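Listed below, chain by chain, are the residues.
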Amino acid sequence: MDDPFVIAGVELGSRLILGTGGAPSLQVVDETLAASGTAMCTVAMRRVDAGTSGSILEVLDRHGVRVLPNTAGCRTAREAVRTAQLAREALETDWVKLEVVADERTLLPDPVELLDAAAELVGLGFTVLPYTNDDPVLARRLQQVGCAAVMPLGSPIGTGLGIRNPDNIELIVSEARVPVILDAGIGTASDAALALELGCDGVLLASAVTRAQHPARMAEAMAAAVHAGRLARRAGRIPRRHHAQASSPTEGMAVL
Amino acid sequence: MDDPFVIAGVELGSRLILGTGGAPSLQVVDETLAASGTAMCTVAMRRVDAGTSGSILEVLDRHGVRVLPNTAGCRTAREAVRTAQLAREALETDWVKLEVVADERTLLPDPVELLDAAAELVGLGFTVLPYTNDDPVLARRLQQVGCAAVMPLGSPIGTGLGIRNPDNIELIVSEARVPVILDAGIGTASDAALALELGCDGVLLASAVTRAQHPARMAEAMAAAVHAGRLARRAGRIPRRHHAQASSPTEGMAVL
Amino acid sequence: MDDPFVIAGVELGSRLILGTGGAPSLQVVDETLAASGTAMCTVAMRRVDAGTSGSILEVLDRHGVRVLPNTAGCRTAREAVRTAQLAREALETDWVKLEVVADERTLLPDPVELLDAAAELVGLGFTVLPYTNDDPVLARRLQQVGCAAVMPLGSPIGTGLGIRNPDNIELIVSEARVPVILDAGIGTASDAALALELGCDGVLLASAVTRAQHPARMAEAMAAAVHAGRLARRAGRIPRRHHAQASSPTEGMAVL
Amino acid sequence: MDDPFVIAGVELGSRLILGTGGAPSLQVVDETLAASGTAMCTVAMRRVDAGTSGSILEVLDRHGVRVLPNTAGCRTAREAVRTAQLAREALETDWVKLEVVADERTLLPDPVELLDAAAELVGLGFTVLPYTNDDPVLARRLQQVGCAAVMPLGSPIGTGLGIRNPDNIELIVSEARVPVILDAGIGTASDAALALELGCDGVLLASAVTRAQHPARMAEAMAAAVHAGRLARRAGRIPRRHHAQASSPTEGMAVL
Amino acid sequence: MTVDVNGSPRNVPPGCTLDALIAAVAGSLRGSAAAVDGEVVPRGEWEHFPLADGQQVEIITAVQGG
Amino acid sequence: MTVDVNGSPRNVPPGCTLDALIAAVAGSLRGSAAAVDGEVVPRGEWEHFPLADGQQVEIITAVQGG
Amino acid sequence: MTVDVNGSPRNVPPGCTLDALIAAVAGSLRGSAAAVDGEVVPRGEWEHFPLADGQQVEIITAVQGG
Amino acid sequence: MTVDVNGSPRNVPPGCTLDALIAAVAGSLRGSAAAVDGEVVPRGEWEHFPLADGQQVEIITAVQGG
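Residue numbers (our numbering), protein chains in the order written: chain A, 2 to 257; chain C, 2 to 257; chain P, 2 to 257; chain E, 2 to 257; chain V, 32 to 97; chain L, 32 to 97; chain B, 32 to 97; chain S, 32 to 97.
Bear in mind the hints are in silico, worked out from the structure with no lab data behind them.
Taking CB as the label site, the calculated pair distances span: (1) S:D84 x E:D104: 32 to 42 Å; (2) C:T94 x A:T94: 52 to 62 Å; (3) A:H244 x C:R178: 30 to 40 Å; (4) V:T33 x C:P167: 48 to 58 Å.
To list a few chain E residues with every Cβ distance to chain V over 12 Å, as calculated: (5) L27; (6) T128; (7) G147; (8) A217.
These figures come from a predicted structure and were not determined experimentally.
C-beta atoms are modelled at their ideal positions from N, C-alpha and C, and glycine is treated no differently.
Chain A on its own, in the form it takes in the complex (with noise of 0.2 Å):
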């Protein structure tokens, strides 16, 4: 592969990273895998009797796909670092979506208990995907702390609302020495052809496919718009222009 997509020395076969949450049934989430030809998939970690199926593993494993645990829910670094603990135990992985986030309403990273917890983790030896916002100078103090990645926000999770602030993206990736994936807020494919052509290196979604009306076919939708934004990022945009330029040539016109 000539473009390799690679976080913390793994390199993943895709740059499409799908979250299951969401999903009406086990069956859609093997069917928006399959569609998605996704390498990586988050899940969170709840307790065994809320009435929860550990049978979302099996279908990560039928499809060869690597588990990605988050931290979702909590809201203190001490919750965070925990619920990462148990991960690990349970998933023997030590890569964590660490996700600390202020309150249930806006769902937006709290700044100051993500750094703590981000540090935290490293030092346990945990590689981190830290769930942010777009502020260029938290990302700069995650991947100062020993983050492998970061993860920003286009606009807050399950909005659907695209990337609010391309700034803010393009000035993180411009300083990134990691591996920065747009995660959150992706409604639909442009989005994520966007991300990359900003200069993502991948994208995470969840609710844009598993809560689609057709979840498999935006999957599929998905997995082309991240191919469609890398290639066109490589490729070198056309510079944009106010004035119009002909495409066909001005000379040699017949007088008719």
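Starting from the structure of chain A, add chains C, P, E, V, L, B and S where the hints point.
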């Protein structure tokens, strides 16, 4: 094919239509055709002795691509009609991309001349695909006089500014009884995906590919983007929400 | 006044033109006129016995405001010309806001009928202010047939979506030889300020004021916004920069 | 005044706060103060012998304008706290515009240092007005430690890019228990009006006025824009609609 | 005789002129205008403009409008 | 004795070890993990980790999540 | 005799027909077309279309275009 | 003796107090403030604040700033 793209009763194998103008060489045209999988390309009609080469037709033949002559450079209905007639004799096709521009600076269509030319060409038995602005009323009138498709601009030719007024494109699509093809203004892959997501049936672009730093790679990107956008349109995207919505369960949190 | 606003040789005391439609009562019209400081208002022409009241004219008289009859509701050049003629006889003014819309759903101008009506009315000695779309070519043609101003829309009538395509408005302004008045689509004060900043000479709005929760207050807001936007245009704004630039000195820092 | 602007119990006569940096001369500062009607201006603290002139204070005195010292150029909480202490001794005010930036290139606030400095200064009895990014969570935390206002950026300092993410500003406003002042990024009058329309209580700007081609005129424009935006916010704008709505009666058309 | 005024039949005295009809319908001549059988009649002609049985008359005035 | 498992009291035999509890609650050891009184217990220690009366045990597993 | 071809004078033998001229100018008949004195001549008529001295002939073909 | 003022050495008479230095450097006490060896000295203490040889003094004032 479960989602055919049909213009005037003819099914085209790709929703991506390429203009060949601006490519530095026929070799590049050849590579972009291969990479794009396009089924139809535009050509301009010019005097034989203007240092021109007829072999663009051979390149199109080699790829089994349909030729769509344009009337680029024409400023009046009279010029455009005669140019279309010459194209019909030269290329033995009655399909024409109708361009009647108001001036060389903006290359914007002249609504009055365009409508007159369209009506006359339909009367002469042509299959008319007009390059138009994004006015829904003009698009409606072009359909009323019998055009086989309408091709509104996203932004002025060659600017790469994308789709400046998505509301107008959506309005044109919502009323259209013929295929709507986004023509002009595409700068990168996400622009093309957006066009399909807005409901356009296809995209016509030239400079975005032929003037990219790596034309063949951008052609491949555009093919993937058009595929992605069409699938996303048919997949039924999630609604835009102003408040966040969790994609992980809110129950079953461990107490840590 | 060092920056006069002149249409057809007549200086108007305000760059804000108000439509009176949509106001819940003449009392509200009276208050909004007072708050806005406008110098010209539009009225519609309707059958006397349609439960209408002529006293809108008395309100305008009381404020010394010029009346600008419109041809709202007309769908053909023929209807619009006759309506303008009736308005001239009724109101003894040869100024007319020319509206020829294509349908009731979009209320978008019909470019062909509009241009025909404009040419005929100019020939009949009218001072024609056409409500048009944002097509720079149509704006140019309306000037060529002798219109005294061009009044492009920002977005469809009554939508409050603001200026959807600022590029087109700037293009119209850059070519205009008559005043350009942004008509339709204004939703709030910043939209009006932006219109002037883009180079428009004035703004015409109705619903944004008459249908606001507090019409008189919004009228005052619009007057201030038009003033602000015009001053800003003339003040020469700073260029947009992609990198930050300090506004405090970078030398002379104390070492602390 | 029926709509007072109050910070920390002090009513200010204008919602427009001016930075004095970037003005080519004190004469220009003098003119912009007069034109703006501002009630508070920021100053920076620098070494006496750095070719600086103390007489900016005389200009502010002459206009009866409150002085708001900033901590511009500080990169750590320690520096910022000491700079604020020096300002308090020098200017005999305990109000401070707290700036702690992460680097000279982006001039973006460092969330961690900013929050630490804010908490310490509040503890030292300062009235703290922090320049922050547009993260609603950081804004909330700054309020929790006792800041008297929050001053989110619209876009980076000096860029004139306006408000890049209105959603975040609206979110900050919706949660705020102290005044929200849009600080940084304003380029022209419509940007300032928009800030107030989004619910900000005031605007702080420097370069947009001091570096405009005609600073005093732009200062007057900004004063009008802030007034317009505030009135519009309080007037209750019309909702955005996707379909047109006539502002003239649809009944009573004459048959012509 | 009967003329159609704004879509409704109306009896008018024989020899009724347009100015009389406008005054009767609109209350005054100011601010109104009329078209007879689709043709606009200039204000100056109203006084001497005789109406004929069965004519279509439109009488309009200014109302609030955008 | 009684331990609190995921918020509910549960009787377990004296000397019950964590691996037995996890197996009983989760059906298998694979894909699950546990914390006792707030401290995460490494998988390798489960077999020999004795439970004491009144301890708070959290047993979690992976579920669909974003 | 002399005809004007694409803006330049060109000598052609008397009785020269359009197909001959196109073949000479364009190298082949395929992919080209012609207008004489502003009127497009259908491909089927070229063979028998006689040229006259002083006529304006436009001969065009397809080139790369947007 | 010598103190460092804003990064440059400056000779001051023995027993020189901070208020005298500020007045000498800034021209007046109004609008200025000082830190000695990194600690800010409250305005009320200037009069009796003795300077010592080799101290680092920062004297600042207000300038135009954003």
